[in-house]
Each structure stands twice: as structure tokens, then as C-alpha cells.
Amino acid sequence: MRNGSKGNTFYDRLVAATPGGELLASCIQCGTCGGSCPSGPDMDSTPRRIFAMVMAGMEDEVLSSNTPWYCVSCYLCTVRCPKEIPITNLMYTLKRMAIAKGHYHKDAHVDWSNSFIGFIEQNGRAFELGIMTRFGLLHKPLNMVKQSSMGLQMMAKGRLSMKPERIRNMPQLTAILNEAKRIAAQEEVL
Amino acid sequence: MTEERVGVYVCHCGHNIAGTVDVESVSRWTADLPNVVVSRDYKFMCSSLGQELVEKDIKELGLTRVVVAACSPHMHEPTFRKACARAGLNPYLFEMANIREHASWVHPYDKDAATDKAKAEVAGAVRRVQELKPLEPFIAQIAEPTLVVGGGIAGINVALEIANAGHPVYLVEREPSIGGHMAQFDKTFPTLDCSACILTPKMFEVGNHPNVTMLTYSEVEEVKGYVGNFDVRIRKRARKVNTDLCTGCGECWSRCPAKVVDTVYEAGLGYRTAIYRPFPQAVPKYPVIDTESCIYFQKGTCKACQKFCPTGAIDFEQEDEILTIHVGNIVLATGFELFDARRIPQYGYGRLANVFSSLEFERMTNASGPTNGKVVLRDGVTEPKSVAIIHCVGSRDKNYNPHCSAICCMAALKFAHLVKEKTDAEVYDFYIDMRTISKDYEEFYDRLLNEGTHFIRGRVAEVTDAARLPGEEGKLIVQVEDTLIGKQRRIPVDMVILMSGLEPQRDAKEIAHLFGIGCSEAGFFIERHPKLDPIATMTDGIFIAGACQGAKDIPTSVAQGAAAAARVLALISQGEIEIEPIRAQIDEERCSGCRICNNLCPYSAIEYIEEKGVSRVNPALCKGCGTCVAACPSQVIEGQHFTFGSLMAQIEGVLWDRRPDGGTTVYTQAEPVAAE
Amino acid sequence: MSEEKLHYAYYPGCSMSTSAHAYGSSIKHVNQALGLEFEEIEDWNCCGASEYISVNALPAYSLIARNLSLAAQTNTHELVAPCSMCYLNLHKVEGYMRKYPDLNEKVNQALAAGGLHYKPGTMHVRHLLDVIVEDVGYDAVAQRVTKPLYGLRVAPYYGCLITRPESEYNPEYPTHLDELMRRLGATVIDFPLKTHCCGGHMTQISEETAYELMRRILHNADEYKADLIVTLCPMCQLNLDAFQPQVNQMFGTNFHMPVLFFTQLMGLAFGFSQNQLGIGSEIVSASAALRRISEQPAEPEQRAPKKRDKNALPMPPAL
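Protein chains in written order, with our numbering: chain Y, -5 to 184; chain B, 49 to 724; chain W, 21 to 339.
Excised from the complex, chain Y in its bound form (with noise of 0.2 angstroms):
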């Protein structure tokens, strides 16, 4: 609940869903994540941009913007807000709400997390090379050819596994997941 309101606003959403995220109420828009963004110039809007539309409830336009899916996780912001905002944390959440909602920047920035996250889900590992295999084709068919002779390299080096390692207890891993899952939509955790 926005410190002083009482809704369920977008606002109050993400701050729900985000550890320490009440802290975003005493934003003075000071700019410092802004100005510390390693990524901030090639944002359609900055951090402290993206909060001001957060608290003007513009949830369209925060949801398709591209600022979170470039961020970093440098986490430059979180360490010199003024305020303690651990914003790496609401960008993460704004990721969330934005696959929640179907309604986000581009299909390939979801696409990566999802190929990344499916090796994990049937083998507990990642798999660096089936994980740049699918996303490449998916979205950057010509660039896999460009890859390709990085990827050589790596395997001449043994870098690059040709099979995925597995974990034994599987199903164990599986089961957690499921459940971890299954409550998380129950109550509508993000």
C-alpha cells in the first residue's frame, strides 16, 4: 500500500512485489541512478524517469519502455541513491510485471531469460551452448554465424560443453519448482 494511499495501483503493485520497495515513496528524483546507469544512455527512459512515471501511474509506458531489459544488475544505483531505493530490485520487478502482463519492450529480451530458464528446468544447469543455440535462432539467425567462430574457439579451449550437465535429483529440483510455482500464482506473488 503507497505510504498514505490505499489501492491497489501500479505503484502499490510494485512496491508489493519488490523486498524494500516501500523505500521508493521518499524518491526526490535526484537523478543519481539516472546519471550512474552504465546502460542509461541507450534507455528510452532513465531510472528516475521511469520512477516519476511510475508514481504518475503510467503503466503502459513503463511496462513497454526497454529500461528494464538493459539493466545491467550493476547495481551502481542501489549503493548511490540517496535514499536507500534498491532499484536493481524494482527493475527486476518491472521485468516481472511485464511478463505477468504479456506487455513488454521486445519478445527477444524475454526470450533469453526463457531459454535460460528452460535449460534449468530440465537440467538444473545451464548450458551455455543449447541456450545460444535456441535464442539464436529465435532472434538473431544472422548473428549466430558471427558467433560461430567464437563459439569454435571456446570449444577448441574445452569452454564449451557439446552436452548438457545434469543434476541426479531432478525431480527433487522439479517438485520445488512446481510448488514454488504453484504459490506464487495462488497468491498472486511477482
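Treat the hints as calculated values from the structure; they're not laboratory data. Glycine included, every Cβ here is placed at the ideal spot set by N, Cα and C. Wrong hints could be hidden among the right ones.
[As the list claims (entries may be wrong)] Here are the computed distance ranges between Cβ atoms for each label pair:
{"no.": "1", "chain 1": "W", "residue 1": "T273", "chain 2": "Y", "residue 2": "D101", "range": "26 to 34 angstroms"}
{"no.": "2", "chain 1": "W", "residue 1": "F271", "chain 2": "Y", "residue 2": "D101", "range": "22 to 30 angstroms"}
{"no.": "3", "chain 1": "Y", "residue 1": "T127", "chain 2": "W", "residue 2": "D210", "range": "37 to 45 angstroms"}
{"no.": "4", "chain 1": "W", "residue 1": "H144", "chain 2": "B", "residue 2": "R554", "range": "31 to 39 angstroms"}
[Unchecked claim] Computed footprint of chain W on chain Y, listed as stretches where at least three residues anywhere in the stretch have a Cβ under 8 angstroms from a Cβ of chain W:
{"no.": "5", "segment": "67 to 75"}
{"no.": "6", "segment": "89 to 100"}
{"no.": "7", "segment": "105 to 117"}
{"no.": "8", "segment": "145 to 154"}
{"no.": "9", "segment": "168 to 180"}
Following the hints, complete the assembly by docking chains B and W onto the known chain Y.
For chains B and W alone, kept in the frame of chain Y given last:
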């Protein structure tokens, strides 16, 4: 228990109480309590009419006890005590029940619960008031002299106001000269007056005033006593210069071969010698030897100052002097310290040569500073072609200081003006807000807007020398989000000035403890009331003025100094003060002399009487904290006005509906302490 | 230092056997030399990097918590991760479970479906560098140096996640890797971008953004005349090393800046062979750089004799 005649008055306090608590119902209910002869409710008890109600009833109904259920005793206990006194009832036979802050304001959504709580509180007050005994305040004399601690602009003004009113003042300052930070500045905003020009006349006035005893290079070591009667021990540190013989000619420091960085007056931007006078207009004019950097004190050789002194004033053997003074009032004006910007690594202070703190820049622009007033880079020679000024360094930041330092926006504008005046440089000012709140401040901002400074709204993210784009080689790059445009920008500049925040002195907590006043977590001294009494403390006789109470500008510090002086003068002119008789008292007949209480007393108010083998509380020093009362294993110490009997009665009153027989007292045992 | 071995639960992370196998090998040898015992957690799973948390939080936390729960089954309370991202994830979720009872309850509910449970506060999560610097100590490391890295100019690159968001070390200007390298005999370059981001997974989201971030770091290290960059995170090493040719291609630059793991340099200084430490598996070869190691300590940087420039203004002292 004798039959007391209790009058109860339940205040509406407009809507403040009546909006939540059903005051009529409380009043009606109270009327049925034992020994309550009258119970009224009224809109504003603190008004003259309200007070007259009480006085009339005391006289006409022969009330022996009065309860007012209203706001906090902090607000109006004195008001109603005076009303009782006027009607001939001892003011300590009055009890206040706080049904505003404790019932109405904290339970605004549950009126029934608030009303029930109010009833319980009043019931408690009615029971307690009947156990109270009449008390007489004792009168303390106010000694005439005043101690002012801190010789900055606030302290100087306090001293002058009191001295000009004809009363003696001791002005203690721990640096070798008075003047404080204001003596370091070049110009003051918004008038751009030369700081030294407006300060030094006051410094001379106070230094030469017949009523002022100025003790520089001195510090307070111990404070004992209470309002009107403080005994203060002061250490006058040895200058190693005999001030009776010294003429301030300057021969010594011109001969001194030892040079060190002057971290105090020059803010680390310049040098001084081991024997030095802090600045040309120092008051007093005498130099002092810094024994840590003096060649004689460190290695035993040199003594050039002594050789060349024409009056033989150098005295290496001089020792610290201890003096004890007796004063009636104390004013603390210990000022501020600048935030250390090295704590913010991304701004580069201390690593990147051309990043300067605000005080460093003040010294730079000062005509008698290390660069003779020229604005130059750290090499001491090159004039910058572009200067960045960064607001809010170490202020408004939970990582360092959450408070706003009040003066930096104005000082930044001042710097922007000075750079423009002295150089052809482009000036970029980076701010979050522009806080120009006092008289003529906004107009000053407008003036600056018209002088060509580039104002960029954004809190600077970092200052770096890692060039990336064309035009950045060899520069300091200020990276910021220009929030009004919504884009990240990199501005290459030659010089960066950090508007470092104001913090309390680093030993503020020790000072507060020394004087027995409150101090916030950050270190600012705590005022009696933030709105209505910013210069008094919760300790009678000790006042505060200036930046030690909170970051503020010079006009406000001066005004606070005058306010503190006025308060002191009021006390001095009254000559005496009534001290609340809420004290601990030891029943000497039953004291076993175990002395456990002696060392527990935070105010050293308990003495041990050898001949009788008992302890005794000095009512003058006792502040009624109750520690000894609680600690005494034989329960022979009574807290006056807060006896066990009265507290137990209050508890029983509050729990009136928890007793199976409906609330009559069972507490009939003999009082633990003989009351007479 | 006592000869007793320091024992830790070990979370290698997915890249340890593949893209960062050199890190893995060098860690083994360094541990041998320092008396550190790492017990790999039974059947650990991927920490989810920054991907799972972007999609669904509770499963992401549970994925991580399974590892915490398995770690708790070893007989130590110290859990060490050599990868900065793994370290952050484990440390963060451990903290969340301790701080937020509601989250703790839900995560444990999910774990229970797999027959597992984790009591927050059980494991103390550490980064490998922190373990070496705090538990082993600089002196103990220096004592084991038999082949000092004299003359090697090293740029210590911390990246983001070891010092942010929460760390005992300064988030902007840490110095512990610098000091460690100094104790190995290397000449350490204090370069300004040592905690700037390598781009992380941005290589897949936006090449231009990612490669520019890498270019800056490579350029800055180059500007400061580093022989090589030393790092402590497989992602950073991968980006700066394996993508370096792409960076050169995009910007027309000609960087040849090798990127090694700090444990590889430690191993070299302790006398292990390049083979043992996986040196040679880097895409940008380090062999030329390593040949600059000399027998003699480097001459301290000789500047013109320090006569106080009478014009220069004094600098504030170092903190």
C-alpha cells in the same frame, strides 16, 4: 485516608480531544468516583475562562485537589499549577491527565476505546492526586556571570549582547583565535559583503570589551552545578608565548623554519609555521606554538623564535593553566564541522587533484588566502576554463547525513558568482533543488541566472578522469542525469567544487555529555522545543545557539545568539529562579548507610554523612530522575511528588474495571517512607 | 598461520567446469597451497543468474534456496562461491529469508515439496576473494610466494557484484584485490574503472551497449599500461576475454589485453605451472604478458626528485 475534595475538569480542546473522546461521558462518569465533588467538561481549559472555572471552584467548593484531563503536562501543567496557586491551593496538589496525546491523538479511529482509555486515565489521576502532598519550590540565586562556549559568530554575538547589557561574560574558544568558520570565508551571501570586514569589528569589540573575559586556546573540562550556580573547570592551554610581553609583531613566525599544512584555518590548502598566528586579524593577536610540528619540541634544537623575539615573550616552559569559574548560565555555540568528502570515493576528493571542498575554495578566493584570491587549479598556477559546482555532498543522503545543510545552495551560487567575477571560466552548477529561502536569497538566485552560469538539475553520479568521448582528455568529467531533459550527460571541466555538508563537531556527543544536555544521534544539540524554543535545552540554565543546534546560515545564528542572550539576561535580571521541588529524599532514620545510591546518581547529588552513617540528597543538584529511589534496597528513598503510594494509587485507578469489587482501594499498608 | 585446514562448503557455479574451467583448476591448486578445504555441495543446481529472478521471483528464490539447504547438510557454516553472481544470489536469498518471515515461509514451503528445508542464518555466504583475504590473510599468502610476479603490471578488475549491493568492502573503491596482487609481487595499476560493469548478459540483449561497456574497461586498462587484467568472476572474464575480438571488430580497436583469474596469478606466484592453472585457455593469449615477469623486483616508479613545488597547493591526505 482523609476525605479529600477533588475537582475534575475534562477539556474538549476544541476537536482535538472531543472529536474522538466523548468528553461529556467521561466527565459524567468521573463525577461518581469517590471523593469527586465536582466534575465538569469545558471547551478550552487553558483559556482564562477555563482557568477561572478552576479557581472559582477551589474557593467556593473548598476543593483540596484538582485534576485537569487535557493535553500533555509539557504544555499546560505550569498553567494550571499557577491557577491553583492563585486560588490558594498548593500547586503540587494538582494532577494532569493527558487524554489528548495519550488517548485522542493515538486512537483516532476507535472512539469507544479512546473514551474508555480516557476514563481510566482520569480515574488514575483522581486516585493519585489524593496521595500527593503539598510541596514548596526552592529558590536558587542566579550568579551574574555567563559562560559562552565557542567563539564563532553565534558565540561572539551572545557574548556582546550580554556584555553590553552590563554583565560579565567568559568566552571560551578552543582555537587560538575567535572567529570560527566565518573568519575563513571570502564573501558572504546574499550581499557579497567581505566576511572578515563584517566579522572583525565584532571580534575586536568582544576581545576588548571590559565585561568579557576571553579565554582562547582553552577548553571546558568539567561542569558541576545547576541553573544559576555552575562551577566550571577550564583548561587554558599553554601557547608557549607570554601574552603579557608579546606585541604580536610577527618576528617569530617569519623566522620559524618549520612549515606544515594548515589543516584548520587554511582548510588544508595552505601552509603555516609551527609558531603561528592563525590569520592576520586574529583576536587575540598572540601566536601559539604547535608543539607537534615545532623543531624544538620534537628534536630539542632551533629556538629561532626565542632568539629573534624582541620582547622575550617566548616561554617554552609555559604550562597549561586550570581555572574554575562560577557562572549562572551557560550558552553553547560550538558550531559545525565540514563533511569529509573523502567518504564519497566517486567524487574523487583526495584522489583527483582538482576536486576541491567548499572550505578549500573559500580559502582560495579569499584575498589573504594561499593563492591571494586567485582561482587556480591545484598546481597553484593554471586558471581553470571550466568549473563544476556540485550540491548536496554528504547531505540529504541516508548513506551519510540525511539532513539538508541549509547553506550550500546559497554558497554554491556565491561561488558561481566569484568564479565568473575572477575568471572567464564556464561555470556549471549541479543541483537537486535550489534552496533559497531567506530574505533576498531568491533575488540572489535570479542575479546568478543572469550571470551566465549553466544550471543543470541532477545529482552528480560521479566525477572521473577516465576520458571516453572527444574533448574529455585531461579533464575531470562530471557524469550526471540532466533530469529536466531526461538524459545522461558528461560535462568535462577543469575544476570541481564540492558543496560539502555541515555536520556537528566530531566531539559533539562528548560536549553534550559534559554539559548534561541532550544530543541527537547525528550530534546536533537538542532544543527544548523545535518550533517555539530552539535556543533552550531541557537543562535549565544551559542554552544553545548557532550551527551546533542544526545547520543554519549566519543571520539565523546571529538571531539565535541574541535570543539566547535575552533568555540569559532575563534570568540575571530576575536574580533568582524557582526550582521544582521534585526531588529524592532519604529517610535518615531508616537509612542503613549502604551507599549503593551514592555512585548510581548521574548528577553526583548524593553525599554520605560520615558522622551519622547515612546518605543525604543535595536538593540543589538532584534532578528527580528516580534512579536512587528504585535502587535503594531498603526502600527508604522517596521521590517527592512520585511516592510509591501515589504511583500505586494511580495504577489502581487506571485498572478500576479490573477489580472484582469495582475499584475500591486495598492498598492500605503503611507508606514505605515516612512522609513528614 | 596455524597449519589446520580451513573448511568450507563450496558452490562452484555452472561455468566452473566449462567457460571458467581455468578458474576451477587454479582454485584447486591455490587451496592446496593455502590449506583451504572446499567440500563441493552434493548435487547443487544453477543459481539462476539474473535470469530466473526476471521471470518469477518465488521459484527463483527457491532455486537458490535448494543450494542453501544442501549446503547446510555439510558440517560447516561457511559457504564459499567463486563467481560473483552466484555469490550475490546465495547471499541475497539467505538475507531475504532471514529478514522477511513471509518470504521465508513460502520458500520453505516450496523446499518442503522436495523434502528439503533451510533455516535462515545457518550458512554464512562468502566470495572466494573474501575468504582468501580475511580468513587466510595477506601475510599467509605472501609467505607462500616462491615466484614473485615482479614487473608484471596488473589491473585488478572487481566488476560489480562482489562489492555491491552489500559488502564489507567499499562499493566504489575497494582495494583488497589490489593488495593481494601487490603481495604476489606484481605492480598494481589503480585504474578508475575497476568496479565498472562488464556488461553482464547484455551481449545477448544489446551488443552495442555491452561491447561499449567492455571497450571502456579494456581501453582504461590499456591507457594505464596494464599488462593484463585480473578478475574474480567468470562472467567478467568471459566478456572481457572471449568477446574482446568482437569489441575490436565493432570499434576498430586493437586491444590485446589478456584477462586472467586472480587465482591463476596466485598459482603462478606459488610456483605451479601454467598448464596446471589453465593458462592458455584464454582467448586473448596471456603468454606474452606473462613473459614480462622478471627475476628482479620492479624499480619503484622514479619521478623527478620530490622538491616541493612552491606554487602547488597541498592535497588532502589519503583517508
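Now the hints, each set against the structure:
Restraint check, T273 of chain W to D101 of chain Y: a C-beta distance of roughly 32 angstroms satisfies the suggested window 26 to 34 angstroms. Checked against the hint of 22 to 30 angstroms, the pair F271 of chain W and D101 of chain Y passes, with Cβ atoms roughly 28 angstroms apart. Checked against the hint of 37 to 45 angstroms, the C-beta distance between T127 of chain Y and D210 of chain W comes to roughly 41 angstroms, which is consistent with it. A beta carbon spacing of about 34 angstroms between H144 of chain W and R554 of chain B agrees with the range 31 to 39 angstroms that was offered as a hint.
Counting residues of the segment 67 to 75 of chain Y whose beta-carbon sits less than 8 angstroms from any beta-carbon of chain W gives 6, enough to reach three: the coverage restraint holds. Only residues whose C-beta sits within less than 8 angstroms of a C-beta in chain W count toward coverage, and the segment 89 to 100 of chain Y has 3 of them, enough to reach three; the restraint holds. As drawn, the segment 105 to 117 of chain Y meets chain W at 6 residues by the rule of a beta-carbon pair under 8 angstroms; at three or more, the given contact holds. Note: the segment 145 to 154 of chain Y has 6 residues with beta-carbon separation from chain W under 8 angstroms; the three-residue rule is met and the coverage holds.
As drawn, the segment 168 to 180 of chain Y meets chain W at 9 residues by the rule of a beta-carbon pair under 8 angstroms; at three or more, the given contact holds.
Checked against the numbered hints given earlier, this structure breaks none of them.
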